[in-house]
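S.K.: Which chain is which? The protein sequence lines are A and B, in order.
Under the working numbering, think of the first position of the first sequence as 1, with each following residue one higher.
Under the working numbering, think of the first position of the second sequence as 1, with each following residue one higher.
By construction, these hints were calculated from the structure, which means they are not laboratory data.
Given the structure is predicted, the values throughout are model-derived calculations rather than measurements.
Pairs of lysine to any residue residues, derived as SDA-like cross-links and limited to a Cα-Cα distance of at most 20 Å, are as follows:
(1) K54(A) x T101(B)
(2) K68(A) x P100(B)
(3) K100(A) x S99(B)
(4) K100(A) x S58(B)
(5) K54(A) x N22(A)
(6) K37(A) x R110(B)
(7) K37(A) x L39(B)
Derived list of chain B stretches under chain A, where covered just means 3 residues or more per stretch with a C-beta under 8 Å from a C-beta of chain A:
(8) 32–45
(9) 102–111
Derived CB-CB ranges, DEER-like:
(10) T13(B) x K56(A): 45 to 51 Å
(11) K54(A) x E52(B): 31 to 37 Å
(12) D59(A) x G3(B): 19 to 25 Å
(13) Q2(A) x E97(B): 25 to 31 Å
Virtual Cβ for every residue (Gly too), placed ideally from N, Cα, C.
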Amino acid sequence: DQQVKQNSPSLSVQEGRISILNCDYTNSMFDYFLWYKKYPAEGPTFLISISSIKDKNEDGRFTVFLNKSAKHLSLHIVPSQPGDSAVYFCAASATSGTYKYIFGTGTRLKVLA
Amino acid sequence: DTGVSQNPRHKITKRGQNVTFRCDPISEHNRLYWYRQTLGQGPEFLTYFQNEAQLEKSRLLSDRFSAERPKGSFSTLEIQRTEQGDSAMYLCASSLEVSPTGYTFGSGTRLTVV
Numbered sequence: 001d002q003q004v005k006q007n008s009p010s011l012s013v014q015e016g017r018i019s020i021l022n023c024d025y026t027n028s029m030f031d032y033f034l035w036y037k038k039y040p041a042e043g044p045t046f047l048i049s050i051s052s053i054k055d056k057n058e059d060g061r062f063t064v065f066l067n068k069s070a071k072h073l074s075l076h077i078v079p080s081q082p083g084d085s086a087v088y089f090c091a092a093s094a095t096s097g098t099y100k101y102i103f104g105t106g107t108r109l110k111v112l113a
Numbered sequence: 001d002t003g004v005s006q007n008p009r010h011k012i013t014k015r016g017q018n019v020t021f022r023c024d025p026i027s028e029h030n031r032l033y034w035y036r037q038t039l040g041q042g043p044e045f046l047t048y049f050q051n052e053a054q055l056e057k058s059r060l061l062s063d064r065f066s067a068e069r070p071k072g073s074f075s076t077l078e079i080q081r082t083e084q085g086d087s088a089m090y091l092c093a094s095s096l097e098v099s100p101t102g103y104t105f106g107s108g109t110r111l112t113v114v
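The shape of chain A in the complex, shown without the other chains:
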């Protein structure tokens, strides 16, 4: 049972344009969400988070939007840069529990120069 889904395995975007990565979840107990970025041969690194009490969180070029009713979140990268090319994972947790994160399958972003 895939509780966190990233339905787009890959995405290509031109440098300078917006990248939008999507994530859907099924467990209504999830109340904290993260995006991780992963380069080849490295572990995932934290990018940005959002709590369910918010619908938007911004950090520089990165913005995460949360639609609780649709159980959907998205990561916007504006403007996209070649260095953003990586695999992006969304992850969800029920913070009243263990802070154990459930990860999606990832979206490979390629930013074309």
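The hints should help you fit chain B onto chain A, whose structure is shown.
M.R.: Only chain B this time, still in chain A's reference frame:
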């Protein structure tokens, strides 16, 4: 502190052999997690420790898998009688008990069972 360290980086073993991986977390982190990632998938939770206590194990962790964290510091993950299906990247991560920025991951140990 240099972050979460995992050794070895790569391990090739013959089917049926035992393997052990080591993870050294960030020193002040009391939580330590093991995840497994196979090709095209996201990291899948295996188990986690709070200090030296193993608090949860996934159904993915069969009887052939065992993890320890003696004295609440480094952790080891042992796989006995390896099978080809065990081939994967094994990721270790650590965090404080409450961590708004999630975990800090190591670079992983890639296991290939031939």
